[in-house]
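*Asks:* Take these sequences, add in the hints, and give me the full structure.
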Amino acid sequence: MAKLFKQMMRRIGLQNAPTPPGGAGSGGSGVTINRDPKQVQVKRIGYQLSNGSGGSGRDNFEGPAADLTLIATAIERDSYLTQAVMRYRELIFKSGYHFKGKNEQALDYLRLRLEMIAIATLIPTEELFQGIGDDIVRYANSFIVKARAKKGVGLPPGVTALAVLPAKDPIAGYFRLPPQTITVARDANGTVLSYKQEVQGQGDALVFKPEDMIHIAVNRPAGQAFGSPWAAPMIDDIRLLRKVEENAALLLYRHIFPLLAYTVGLDKPGWESSPEEITELQTVISDMPTDGAIVLPERHKIEAVNINTMDVRPLMDYFENRVFTGMGMSAVDMGRGDTANRNTADSMSGMKVDRVKGWQQQIQVQIDKFMIEELLLEGGFDPMANPDFNVDFVFNEIEQEMRIKMDTHEIFKFEHNLQTWEETRKNMGSDPVADESRLYFQMIGMQQAEHQASLDQAAAAAAAGSASTDNKQQPSNQHGTRSGPKKSTEWSYSEQYYQEKYPAIGFFRYVGPINERKAPDAKWEVDLQESVFTRYPSERVEELQAGIEAIYSDIESDVVSEMKRAQDRKAFPMTESNTLLSSIHFGKDKMVQQVQKAANGALGEGIKEAMKDAKRNRLASIDSSLAMRVVSESSKKSFDTTEKLLHSMLSEKLENLDDPVEAMLRVKGVFQSLRYRNALLCRTLIAKTFNYGYVLAMVRYGESEVYAEYTEGSCPTCLEKSQAPIDLSRLSSLDEMTIFDQIPPWHPNCDCPLTLGGR
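The end of the sequence shown is residue 759 by full-length UniProt numbering, with every number in the run present.
Among the hints, a few may not be true.
[Unchecked claim] Taking lysine-lysine pairs in the DSS-like style, the calculated list, with each CA pair at most 25 Å apart, reads:
hint, residue 1, residue 2
1, Lys597, Lys644
2, Lys209, Lys168
3, Lys168, Lys369
4, Lys38, Lys209
5, Lys597, Lys413
6, Lys357, Lys369
7, Lys590, Lys405
8, Lys150, Lys196
9, Lys301, Lys268
10, Lys426, Lys102
11, Lys243, Lys209
12, Lys413, Lys352
13, Lys426, Lys357
14, Lys100, Lys588
15, Lys196, Lys209
16, Lys588, Lys636
17, Lys150, Lys209
18, Lys426, Lys100
19, Lys588, Lys637
20, Lys608, Lys413
Everything labelled a hint here was simulated from the structure, so no lab data went into it.
Note that the structure is a prediction, hence the values are computed from the model and not measured.
*Replies:* Below, the structure written as structure tokens:
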């Protein structure tokens, strides 16, 4: 078997690296796979497309289908195209790049070679890579010629490198060539035979071997030698737009001054004009300054000729939008913010980012394959022989917010048992295998937890009493801790309670003793002070409030932006408020959707809580879709009220107001005055939905009654409602909307929970 293996390895061309293992100048394994095209390259099959006039062959060079010289001229002369190219180029390297690999020796070797190449060529590595990106944006093609290290000139001191066949010398430098000067010779099957560079006025053409040239292309159709530039199809659109703008300028020049018709004489006998009189008037008009005036007798008349000119603005907008579409840009990207709000602008920018990420992916792949891999092979680091030697050129994420969201989602999937720890790290771009002893919890968190546990144990041993006895002597709830135990006769009657608690009220609808339902143990005594939000995760409510507040702030920003645009267009004061207030309606719909999503979870939590209190083994089967329609209708009514209030208050505050600064202040004041409603509606609707799910489940379980829990320190309404049970047998005969109205919360910000009767 060993002999057979040796023969097989000999056949595939396994050979030594530049230096043997442990030799100077090499940190590789000493083993590389043969890359000589004469031995390993597979012959192409099928005919390819050629742009050359003489067919295929070594002497027939073909250029790109698009005129790259014309594209270069257009980029230099057209401001729109220049801005688009600059934005794309800046976005590609916005966040930089890095080299990623497992083997530190291979990484150090690659950095050393690139640094030496930068020194030898006087071209920084960053400039080289950014230039490649610039060529891709401009021409969809980038040509990099390799300079060879003759007799080792240009290699790092003490480092020996062996060229990758069929080259005879290792690489000493990279130089970009203008893509518009390059042509390619291919055979009928598409195999590249040579490259040629021709520059007018620079003497004979230069011919390069395929192994001495790197051709990076994007958007390359099958069978073509060159990539297709994105700017090529839009050159005619730019020309047409500029022609329309030129005609519009001529129209403006022609009609900027009114055409005046001078009438000399009257059509009455003896009042006719004479040639001398007309000639004299012509002389006066010719010599008259632009802002001058002439005095004429009654026989002379001057009239402005009314010429109805064509409105070219819609045509100019249409052709301009065609250009923007061809560039993959939006009016917002070009600094036009008068037609889109923030959400629309983000969506448009997303399309531009997607195009850039596509370019980045192509650049990464080809730099890895045709630049980095060859440098590694010259140093004996063959990724095929040892995958740990592989080094990748990686662009950093240009959308940091999206990266944070993606990483957070990966952590969420790990926490909810959807994927393993290794899968999570891999999806986040990290090595799946890591030294877990270097994680935060292992290094710091565990020590803190052990220290805290020892402190808690010491405190518990030194405590004089238990938690239950302490709570009886000094009762505690969410409002604080009492200085002493509650008196046995304290607040025994509701009238006495509210005369002490709320002396300004003067009356109370319910007269009678406060019925405190006794609990079987001390735990339930503490639970009597609960609210809905001790049973439902408070972080979900806070997340909902933050989402609603963000949408509300976006609505405010859109309204303010619309007013600023109106001011810029000299359209202030605004006579029509529909455009100004339209964003309120769409923002309201987003709020309703956010609340409905959160309410769906609250409904389920209420059903689960009912299952626990009723001591059942299964969740109650209720019509969730019907219940959510009831909740959705209630939330829609609440936010409809907010929309109406904003409409009416803004219309009232902005009526007949011509001061834009004062208008801005009033708009911000209106939004600030209604901001409190966001948190109020979120808490109330979530509490209502939670209790709604609780009641519907109890009805399904056949329970007879539930009670609304009263929290000490709450309002008179909550105390009154807590005295009588809610009859579930009566509610079971009512429709869902009526049930929704018969349960707490009883008022805004009320969070009274429900509990099963008889406890």
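*Asks:* Any hints this thing doesn't respect? Which numbers, in order?
*Replies:* 11, 12 and 14
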